[in-house]
Amino acid sequence: MTNALSSDRVRVRFAPSPTGFLHIGGVRAALFNWLYARQHQGDFLLRIEDTDQERSEEKFTQDFMASLRWLGLMWDEEPIFQGKRLEVYREKAEELIERGFAYRCFCSEAEVGVMREQAMKEGKKPQYNRRCRDRKEASVGLPFVIRAKIPLEGHVDFTDMIRGPIRFENADLDDFVLIRSNGAPTYNLSVVVDDVETRMTHILRGDDHINNTPKQMHLYQFFNYPVPQFAHLPMILGPDKKKLSKRDGAVSANVYRAEGYLPEALLNFLARLGWSHGDQEIFSMSEMIQYFSFNHVQKSSAVFNAEKLLWLNGAHIRSAKSERLREIVLEDFSHYFSSPALSRVQTPLGLHLVTLIQPKVKLVAELAQQLVPLCTPGTVEVDATDLKWYKDPQLKATLQAAIQNVLGSLSKKMEGAPHVRTGGDLVWGTSPSLGDQGMSSVDMDGFFRQISEQHGVKLGDLMQPVRLLLTGRMVSAGLFELLSLLPWDLVQARLAKIQTL
RNA sequence: GGUCCUGUCGUCUAGCGGUUUAGGAUAUCUGGUUCUCAUCCAGAAGAUCGCGGGUUCGAAUCCCGCCAGGAUCACCA
Numbered sequence: 015m016t017n018a019l020s021s022d023r024v025r026v027r028f029a030p031s032p033t034g035f036l037h038i039g040g041v042r043a044a045l046f047n048w049l050y051a052r053q054h055q056g057d058f059l060l061r062i063e064d065t066d067q068e069r070s071e072e073k074f075t076q077d078f079m080a081s082l083r084w085l086g087l088m089w090d091e092e093p094i095f096q097g098k099r100l101e102v103y104r105e106k107a108e109e110l111i112e113r114g115f116a117y118r119c120f121c122s123e124a125e126v127g128v129m130r131e132q133a134m135k136e137g138k139k140p141q142y143n144r145r146c147r148d149r150k151e152a153s154v155g156l157p158f159v160i161r162a163k164i165p166l167e168g169h170v171d172f173t174d175m176i177r178g179p180i181r182f183e184n185a186d187l188d189d190f191v192l193i194r195s196n197g198a199p200t201y202n203l204s205v206v207v208d209d210v211e212t213r214m215t216h217i218l219r220g221d222d223h224i225n226n227t228p229k230q231m232h233l234y235q236f237f238n239y240p241v242p243q244f245a246h247l248p249m250i251l252g253p254d255k256k257k258l259s260k261r262d263g264a265v266s267a268n269v270y271r272a273e274g275y276l277p278e279a280l281l282n283f284l285a286r287l288g289w290s291h292g293d294q295e296i297f298s299m300s301e302m303i304q305y306f307s308f309n310h311v312q313k314s315s316a317v318f319n320a321e322k323l324l325w326l327n328g329a330h331i332r333s334a335k336s337e338r339l340r341e342i343v344l345e346d347f348s349h350y351f352s353s354p355a356l357s358r359v360q361t362p363l364g365l366h367l368v369t370l371i372q373p374k375v376k377l378v379a380e381l382a383q384q385l386v387p388l389c390t391p392g393t394v395e396v397d398a399t400d401l402k403w404y405k406d407p408q409l410k411a412t413l414q415a416a417i418q419n420v421l422g423s424l425s426k427k428m429e430g431a432p433h434v435r436t437g438g439d440l441v442w443g444t445s446p447s448l449g450d451q452g453m454s455s456v457d458m459d460g461f462f463r464q465i466s467e468q469h470g471v472k473l474g475d476l477m478q479p480v481r482l483l484l485t486g487r488m489v490s491a492g493l494f495e496l497l498s499l500l501p502w503d504l505v506q507a508r509l510a511k512i513q514t515l
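Take 15 as the starting number for the first sequence in my numbering and just add one per residue.
Everything labelled a hint here was simulated from the structure, so no lab data went into it.
Computed list of lysine-lysine pairs in DSBU-like fashion (alpha-carbon distance at most 30 Å, straight line): (1) K426 - K511; (2) K322 - K260; (3) K73 - K256; (4) K322 - K376; (5) K511 - K472; (6) K150 - K138; (7) K511 - K410; (8) K376 - K260; (9) K98 - K73; (10) K139 - K256; (11) K376 - K255; (12) K427 - K410; (13) K313 - K257; (14) K150 - K163; (15) K410 - K426.
Using the sequences provided together with the hints, build the complete structure.
What follows is the structure in structure tokens.
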């Protein structure tokens, strides 16, 4: 079977069924389709397979679109909703009857069930016995389904772009239902009708559809449409090597967004899950488009490795533009901040803080968490129980003296600096900082080394309480940078709390 | 049960008959750098290439058989 479409412009689609949120497996199917389309300057379509009115929900369709948009996997034409095309499928099925490729079957569901059991008893595969296949008389008024008239002999062959040649015997195929007794189409019919109408050239989907392929190939031929190329992607497994499920934690794309994963990191990870380009691990979107090839897609299913995704996300965060990270914080993590803190994030100083935190985190959520105390007005809650000197009164006294010393020395540096205040609060970004007074982070480094030497304590022992006082946390961006950059009023107020510890 | 698919370190993978004492990544463990964390650097451990035959001077790579796992067999998609 040659493919007359191979010289045409590439057209592919992602066709989820809105019965749940967009999950990881769906994202990968969408990604591979999208990559293939972009690589060949083709078209990527979105089709919502909502023919099952019982289980389909509008909110899931909305979720698909929002997730795809977030991931940057945009579709090139208006989405197609199968639910709105029910009449088309019925007409196509009628056409197939007229042309001898389908027939009405008046057997009830119960009867067919009996046939299956019968076949099973005889050791055959459960199958409809084709009782109505050659029926001449029409049974007016009785409910019926429309079945495909699959050839009794012969076989269908196709070459999967990932798996190579595959053959199915027609004798193993059932005369499957095209139109249900309620007039609704089944999956195999609606898929093919739409793929024909939208002139798909390649079908890239999960390998759970391999067994549907021969059925659909017959339908393409019934409709006189050249059979597209197929590529069946391996499944993604959970850590238990079973199909990824809710039990494995985050399976839907929007959960990853909420946790602070970057779309390009998630996509990079999903692309590498089953596909490779030599030893390269980190890919930009344009590299993925450029290098993607079905020759290097794995045939076997892959276990979802959350640790590697986290590592990859850290790598992508490190190389991301800080402006963009800040926008993500503002858009997805604004609920972490009070409203004055939020407005501080939006200042140039806020952006500068992002650049300091950025290289140290693996999730945007962490970035936001570290940003909160730095942008929040006033002092922060301090819990000293984790500090080394918490149970060492002597060390504590030494460090308190050292920090007092720090405070005194730094105050002197700030003498003469202008004080800009509005309503009692400092003006973020214009209130003077030690940096403004010429004390760079390098100077700060030297200063603290001198202090620690002077008081006979290790630099680390001195800095950790400073960190806690300034940020309320045991982990933060570099202190020398922060101390030089943050408004002196804020630094002073927070370090002064040393006496209360 | 029938049909179809798959099988390389824990995990993701490279490998397409010889440069392989099977390479990289992640995770783990050592050590170093560092104000914390993250990064970075050096190193360790980890795979009888599912098993058994065969072809060949030579096989993870080709052929056959077996085993194991999965998908699917609906008026669900």
